[in-house]
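Q: Each chain, letter by letter, is given below.
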Amino acid sequence: MASKDIKPRVRIPKKVKKGQVFEVKTLVTHLMESGQRPDKDTGKKVARDIINSFSATYNGKTVMKADWHPGLSANPFAAFYVVAEDSGTMEFKWVDDAGTSYTKKVNVNVVSE
Amino acid sequence: MSLGTAKPKNIRRRDFIKLAGTGTLAISAIPLPAHSTPVSTIAAIEKLIGPKAPQDDKVHIILPEIAENGGTVPLKISVDSPMTAEDHVTAIHMFADENPLPDVASFYFGPHNGKAFVSIRLRLAKTQNVVAIAETSDGKAYIGRKKIKVTIGGCGG
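Protein chains in written order, with the working numbering: chain H, 1 to 113; chain E, 1 to 157.
What the hints contain is simulated information worked out from the structure, not anything from laboratory work. Be careful, since some hints might not be right.
For lysine to aspartate or glutamate, the following EDC-like pairs were computed, each having C-alpha atoms within a straight-line distance of at most 16 Å [stated by the list, open to error]: (1) E:Lys47 with H:Glu85; (2) H:Lys15 with H:Glu85; (3) E:Lys115 with H:Asp67; (4) E:Lys115 with H:Glu23; (5) E:Lys76 with H:Glu23.
One chain only, chain E, in its complex shape:
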């Protein structure tokens, strides 16, 4: 990365620290079990699944520990589910919580899929958590998250 692109990044970092210092970045009161999930991601999750409190098991995220290139990072998500007509995963939503736009993708499933699994490649701006939410046919939601280190961001900033 050239010095020219590195400079504005530093300024943004500075601004961020200032904001954090003055308390402008408020902590949301939403009772998600999302220890450090940023407000924008919580908002994006709520927009998709409504005010459900997702449970912490069943969602498995396979992601490299370190991504040298944030521009394309392989991501696999599987959810424990029998995928029968009575009990199946209806949707898997993915978020990258520190990206400028946290939404990544939503995939919609049914019993015809046999396995609640999806594999994609995503862009990551910096070191952050990838969050996956699964919705099931009985109206419940499950959450999984995994931290990934990103050496070079992939959002062009």
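Bound-form chain H, shown alone:
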């Protein structure tokens, strides 16, 4: 799959308070070819091509790591929670079977009140 087709999206709250547990929602466009589906013309199984690993860091510290298998749907969605510490960046990385990685950065805005 050409990398230009892949569009990672991440959504977090605009502002969070220090210590707040906030939700991180991620979505990446990817076919997640399971390796189980037969080709319509040849009848042979289409080769597997999925995103097999996902990770997220918050100011350089890993806050989520995941191994993914063919049981995930196409355009895989993942949501989880993180405790807000300081303002900074979260970086997200998806790696597929071909070894291509897709990344996304978002800014975390921690407010004092």
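We have chain H; now place chain E onto it with these hints.
A: Using the frame of chain H, we list chain E on its own:
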């Protein structure tokens, strides 16, 4: 679904019944509290968490009762845990026990997550149980399972 794709499915079902009849599908001796969990799923679970006997509480699975489209089914898993440095969930593993490949995903947590919760969308081949295993920092494992009816399978078969 067209008739063309429905046909091989029936054959496979037939084969399955034959296998079951001749006793080729052996029941595993592993003492998991997994009443009807297929052997392949038990093997996949053991591969990830080792020979622990998971306990039956703490893991909550939120899943629709019926999925019309098995291609994308929303799944939420939460685990009762204070998520402190001393006592937190380290991993949540998910399995779809009747899928051709039962592994779905493994997510790794720490106290920085605040809540032991994950939400994903999965593929389901047919009506089956979704199984979630949580591992905690004290070395214990917890299991949760929920049945879901699938109208149209999502594995392309």
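Q: Next step is simple, just say for each hint if it's right about the structure.
A: Taking the hints in turn, this is what the structure says about them:
A distance of roughly 35 Å separates the Cα atoms of lysine 47 of chain E and glutamate 85 of chain H; the hinted pair therefore is violated under the 16 Å criterion. Annotation: proposed proximity of lysine 15 of chain H to glutamate 85 of chain H holds, straight-line Cα distance about 12 Å (limit 16 Å). Only pairs whose Cα atoms come within 16 Å are accepted, and lysine 115 of chain E paired with aspartate 67 of chain H is rejected, the gap being roughly 19 Å. The hinted pair formed by lysine 115 of chain E and glutamate 23 of chain H meets the criterion: a straight-line CA distance of about 10 Å does not exceed 16 Å.
Between lysine 76 of chain E and glutamate 23 of chain H the alpha-carbon distance is near 13 Å, which keeps this suggested pair within the 16 Å criterion.
Hints 1 and 3 from the earlier list are contradicted by this structure; the remaining hints agree with it.
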